[in-house]
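**Student:** Residue numbers (the numbering used here), protein chains in the order written: chain A, 1 to 289; chain B, 1 to 289.
I should point out that these hints are in silico values taken from the structure, not numbers from a laboratory. Heads up, some of the hints might be wrong.
Treat identical chains as interchangeable: a pair holds within one or across any two.
Heads up, simulated EDC-like pairs for lysine to aspartate or glutamate below, C-alpha to C-alpha not over 16 Å straight-line [unchecked claim]: (1) LYS260 with ASP134; (2) LYS247 with ASP2; (3) LYS20 with GLU202; (4) LYS247 with GLU91; (5) LYS247 with ASP278; (6) LYS247 with GLU6; (7) LYS260 with ASP37; (8) LYS20 with ASP160; (9) LYS247 with GLU94; (10) LYS247 with GLU142; (11) LYS247 with GLU90.
Protein chains: 2
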Amino acid sequence: MDFTVETATDAVVDSFRETKDQRLREVMESLTRHLHDFVRDVEPTMEEWEAAIGFLTAVGQTCDDTRQEFVLLSDVLGVSMLVETLNGAEEGTESTVLGPFHMTESPRRELGDSIDLLGTGRPCVVSGRVLTADGTPLPDTELDVWQCSEDGFYDVQQPDVQPPGNGRGLFRTDGEGRYWFRTVVPSHYPIPTDGPVGRLLEATGRHPYRPAHVHFIASAERHRPITTHAFVAGSPYVDSDAVFAVKRGLITDFTESYEKREAERFGVTVPFTHARFDIVLAPEAKSAR
Amino acid sequence: MDFTVETATDAVVDSFRETKDQRLREVMESLTRHLHDFVRDVEPTMEEWEAAIGFLTAVGQTCDDTRQEFVLLSDVLGVSMLVETLNGAEEGTESTVLGPFHMTESPRRELGDSIDLLGTGRPCVVSGRVLTADGTPLPDTELDVWQCSEDGFYDVQQPDVQPPGNGRGLFRTDGEGRYWFRTVVPSHYPIPTDGPVGRLLEATGRHPYRPAHVHFIASAERHRPITTHAFVAGSPYVDSDAVFAVKRGLITDFTESYEKREAERFGVTVPFTHARFDIVLAPEAKSAR
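One chain only, chain A, in its complex shape:
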């Protein structure tokens, strides 16, 4: 039978019939159906198809060791956030996107260490506990933390200005599930706009900004790991994050503290900025797919 607009999808779906991995077969069949529906919906001209091929090629070629433009594309289309939300636990702290800057391994640090290797900003302490839903502390939780500088850049974006590992740390909660580290208050920042994703935002009248945030991945034994952010309350763009990652429950007060005893415990002097961010982990799913 000839390939027509009507028979196209069945023909391509059928071509995957010998796929041994049943999950791969399911994904390819679904991809074919939705992709063809999209094409039939918009009826691209040949020039538009060529432009799409050129765009995707440029996205791939913009990626390198420190830049992941396809993650960025997934982010600005809300796909990363949708996948993250589909995988998030129903209880506990809400998850949000990994983002394109979790590219290097965070250096192992001790509780109380500073992740700010520049030392130019006003000191900020982030502290909290990792808990189960019923409030049981989770000691020995691995906490991978990363954030941008006060100027709104990650270390990998400014190799000439920031030492590698600036703004990053791998911590382990203490016997009571507590963690604390020193840093600076991160800035809101634009996602990289000098590539094809930036040009897409420009062409569609979208701003490239993300509200200020600190990234966390928390992993504890027998619990579902979580990827999330603490968003800085009051940051610009908290209502229009370019990657759709804000959830109200993740907005965190970064407040001015004059508490001398706390300052001493954290190794800073008053006044300092203090953010408290607890993370609640859900138990491991009973069965993995």
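Mind docking chain B on chain A? Use the hints.
**Tutor:** Chain B in isolation, oriented as in the chain A frame:
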């Protein structure tokens, strides 16, 4: 409102509301809806999402001056053929995919010239006429022709073996809409399998072969240009083209000819292989989008 599995699509669609170019807005909205439907349908794990990002990145990074892996991906998913079919005229010769090997400009040649610069194969003549649907010849039609060698490789794939422009020619039909050129019978061949698209075919149990064919783009004034193939009748894989491009009306007999007078006219000696392939162009569409 928080980003949820249910509100995700509206939030992303809404982000495109300021797009000045109405067509771009329409495409981005439709893309968002179909892409999100796909994600909700398959519910990818984070590892599967990462694998997809890695795959698309590798596809982009496999592209270079002589290789277009995203076109190849579009081809094996039937998208190229679907777009081509949506854009094809309802009357006249059927169109089919451009394919990934139309990357260099075909050298201008005179009618009767050979596009086979190797001179090792058995001579073949391809001839025909370009006509309107009512049989009126179309003189001065530009015919861009390209094909692989007897060994199944395009010039750009074998820079050490084939001179640039081997298997390619840009012809112009004569006063009666006729064209003819010398070549060799092309071979069936595998699409490139050493990249991510090849790995996808392997993982899904699909063969990478295309049946033997000669590519044509025909462009005449006041008519819709057409991109098509003459498929070699009886070629292996004519029923299972890896890129879904075969239409029965394009299957062409490449027959043994002992006609001395024709041989003389075409500048070959008997016996030679002769393929007759007429191309019927539809009139220009009244209004372009």
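**Student:** In ascending order, which of the hints set out earlier in this document are inconsistent with the structure?
**Tutor:** Violated hints: 1, 7, 8, 10; rest satisfied.
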